[in-house]
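Protein chains in written order, with this note's numbering: chain B, 1409 to 1679; chain U, 125 to 442; chain D, 929 to 1242.
What the hints contain is simulated information worked out from the structure, not anything from laboratory work. Ideal placement from N, C-alpha and C gives every residue a C-beta, glycine not left out. Wrong hints could be hidden among the right ones.
[Said to hold, decoys possible] Partner residues are not named here, just some residues of chain D that face chain U (Cβ under 7 Å, in silico):
hint	residue
1	976
2	979
3	981
4	983
5	985
6	986
7	1087
8	1091
9	1149
10	1151
11	1228
12	1237
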Amino acid sequence: MRNLVIGAVLVGLIVLAALISFLWTPFDPTQVDAALRLQGPSGAHWLGTDRFGRDLVSQLMVGARTTLYVGVVAVGVAAVIGTPLGVFAAAGPRWLGEIVLRANDIMLAFPALLLAIMFGAAFGASTLTAMVAIGIATVPSFARLARGSALQVLNTEYVLAARSAGRTGLAISVRHVLPNIAGLIIVQCSVSFGIAVLAEAALSYLGLGTQPPTPSWGRMLQESQELLAVQPRLLIVPGVAIALAVLGFTLLGDGLRDRFDPRLEGHRAQG
Amino acid sequence: MLKVDGLCVAAGELPLVSDVSFTVGSGERVGLIGESGSGKSLTASAVFGLLPDDVTAAGSVRLDGVAEDLVGASENLLSRLRGSRLAMVFQEPMTALNPSMRVVDQVAEARLIHRTAGDRAAAHRDALRLLEQVRLRDVAELGNAYPHQLSGGQRQRVLLAIALANDPDVLICDEPTTALDVTVQAQLLDLIVKGVKERDASLLFITHDLAVVATVCERVLVMYGGRIVESGLVAEVLTSPKHRYTKGLLDASDLESVDERGRLHAIAGAVPAAGQFPSGCVFRNRCPRADDRCRVQPPWFGEPTAGHACWHPVGGDE
Amino acid sequence: MMVILRRAGIFLLTLAIASIVVFAFMAVLPGDPAQVALGVNATPELLAQTRHAFGIDRPLPVQYLDWIGGLFTGDFGRSYVTGDAIGPQLLDRFEVTLWLVGAATVVAVVVAVPLGTLAAAKHRTASGTVVSGLSQLGAAVPAFLAGIVLVEIFAVSLRILPSGGWTPPDADPVAFLKGLVLPALSLGLVQAAVLTRYVRSAVLDVLGEDYLRTARAKGLRPTRALIRHGLRNAAVPVVTVLGLQLATLLIGAVVVERVFVIPGLGSMLLDAVGGRDLIVVQDVVMVLVAAVLVVNLLVDVLYTVVDPRLRRAR
Chain B
1409 MRNLVIGAVL VGLIVLAALI SFLWTPFDPT QVDAALRLQG PSGAHWLGTD
1459 RFGRDLVSQL MVGARTTLYV GVVAVGVAAV IGTPLGVFAA AGPRWLGEIV
1509 LRANDIMLAF PALLLAIMFG AAFGASTLTA MVAIGIATVP SFARLARGSA
1559 LQVLNTEYVL AARSAGRTGL AISVRHVLPN IAGLIIVQCS VSFGIAVLAE
1609 AALSYLGLGT QPPTPSWGRM LQESQELLAV QPRLLIVPGV AIALAVLGFT
1659 LLGDGLRDRF DPRLEGHRAQ G
Chain U
125 MLKVDGLCVA AGELPLVSDV SFTVGSGERV GLIGESGSGK SLTASAVFGL
175 LPDDVTAAGS VRLDGVAEDL VGASENLLSR LRGSRLAMVF QEPMTALNPS
225 MRVVDQVAEA RLIHRTAGDR AAAHRDALRL LEQVRLRDVA ELGNAYPHQL
275 SGGQRQRVLL AIALANDPDV LICDEPTTAL DVTVQAQLLD LIVKGVKERD
325 ASLLFITHDL AVVATVCERV LVMYGGRIVE SGLVAEVLTS PKHRYTKGLL
375 DASDLESVDE RGRLHAIAGA VPAAGQFPSG CVFRNRCPRA DDRCRVQPPW
425 FGEPTAGHAC WHPVGGDE
Chain D
929 MMVILRRAGI FLLTLAIASI VVFAFMAVLP GDPAQVALGV NATPELLAQT
979 RHAFGIDRPL PVQYLDWIGG LFTGDFGRSY VTGDAIGPQL LDRFEVTLWL
1029 VGAATVVAVV VAVPLGTLAA AKHRTASGTV VSGLSQLGAA VPAFLAGIVL
1079 VEIFAVSLRI LPSGGWTPPD ADPVAFLKGL VLPALSLGLV QAAVLTRYVR
1129 SAVLDVLGED YLRTARAKGL RPTRALIRHG LRNAAVPVVT VLGLQLATLL
1179 IGAVVVERVF VIPGLGSMLL DAVGGRDLIV VQDVVMVLVA AVLVVNLLVD
1229 VLYTVVDPRL RRAR
């Protein structure tokens, strides 16, 4: 319960900041002004400015959009490909399940960041390329989860009853399996969202993620790296934002899991 | 040998066992019988000092030759007693052995912990001897196996060997045969009685099975709703029960007798959940003889070792 | 034994398919390596000549077999950009990355196992809750950010450790160790945070097991019972996670190498991506993928050592 609330609040703040940024930001986040370089926090610039004189609050707000965009693309790709794959592997013919399992094993050999670097090399660095790569690398965890929980649902008595009543595999999958595993898939979405945010930060830091001038928390870190000794604020601000975003999505996922899967409640609730 | 006085076990505010008192004499075999939910396993765990985390005990448990009360004793003292003077066999043989340790090592460990074996080699020899004592065959080979390679009956014998390893004065068995086949059950009961007799040890045997109590024990305590409702010699309690609950239990297990409609006897209703037992006599909401008097907790009638807590005992003031 | 052989077979098959995937991915890329190497003003004859020299004018299956055959004999081909043999450099760089990943793993295990066990054993007390909370927070920090902060504290402010660079262990062992500390910590601590959570939940599971009660019944104190009977059984799920983490560490090293200017596989990969030196990208990716698969194989073999129940064929 505590996890759910903290997670929901953190995620809510990010969504709110991103929404407001469409209507209003204190300053233009891309406005370079040499006169305003490296100013500390003040009434006008609540968190100060960076080395190009850009307002940090405005960059954070618009950066929140990037963060959400990143998560939506990566998680969307993973869930839309992975979930049906997993369900078909469970409900479909045995050979299909076997192929999906083997393909999953092979995909596991390509960690998300490596795949993103390969995609960057192949199609050029951009947020979209990076996140499609992260999404593809996340497909196996969705497929495995969907297959596992679909198998459980398929073995329950009411599905066996539906089967003996002559319903086909596909009809059962759509009518019984999907609604029953939706909860766990949503949990996985939330957890993967956090992982995607972390990956975007790393890729932007390497110059393979979000490209200038689009503000992104990862790029804010990268641009200010050398200034750590003199202006630690420039790294602390985006660093804390990233950590809180990841924490928010992870806690939200944990909290939702306690809700959807009461069997685990005992252990997790104590955490 | 073992004297339990006013033992109460509770989970927070919720009482699970109330005011349980009994003694087990030296070399005596006492059965503690009741349905699941009666509090018999918790009583055994409390005597053994191994209660679940959020469950606490009050009252007194004394073991001959130990100055301190075992309730509230230090973990230090309890650890020294457990496995040496006081031993216990649990219900679940399938999961009670460490899956990643060879069987013989698990038996030998019991000898090593209490320094009753000189060295590892001696402990190993002792372990093989103990495994032979519980009539396991080819102990040299079987001892080197891992638990998953053994049957349930074999595992329970290994657990009995562990419990008997240091010749305990008191052996507590918590439904040791419930999870086993009937034929395997009988063999294991024999082994328990033999092991206890050979060591002149006392036995506290927890079960829900009247037939098992009749085979194994000399005296029996009947437990219901976290209280002892009747006690006495097995022969007497099982032939002429006093408490209405004991009577119901006996009727229900009698496959010969049927009621006027030709059905087997059963006790009306089900055992309430913990904390849902009625005030007064704990059995009154299921008892055919219950009346207003039963709203008051009945006192103990008879001797401490043979008596009952019932306002309307069978064959009493009808 | 049969289990291990079967597993090794699956490993080889997966490795072969993964190599085809890597090769195919690089082969279908738009762009011509010869054009990249020579620039836009190259004459058609020179381009054709260079393509021939690179061997990319041959049919794809031939190229693939040539590449794979080379890998087995340690011949990783020549860089399209510098023309140098890739093999020796790759080996040097791989050694550096292995040091880093190895040290980070040690950090992760040394921190996570005691902390996670403590958090489980004391999960009802304040110290257990604090450990759980910290590990959750730590897992949300990117490794490179941890690296930057560590540099600020230990290299810039305290000046007791170098902020980056690499000294080979045989050149100067002390400088080597000093240089390894911060990168290993920044890579390892974040993984330790993740691992702590798994150790905690594995130990919590074990604490509820009947065999731990049996150990207590023998007369073992709670702590000794947990150490002697609990930890080995808690190891199975922890080893699984550690295996998955090793894969993460190998790739995470790419980023940390960038922070600390360490000449490992990661910086080689990023430089090659930047210079569009595709054959180098292909080689490095293949080595990383193979390393991940080897780790997975080792984890499976380790299972059978830890848990006797898995020694029979599944």
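List, from low to high, the hint numbers that the structure doesn't satisfy.
Going through the list in order, the structure violates hints 1, 2, 3, 4, 5, 6, 7, 8, 10, 11 and respects the others.
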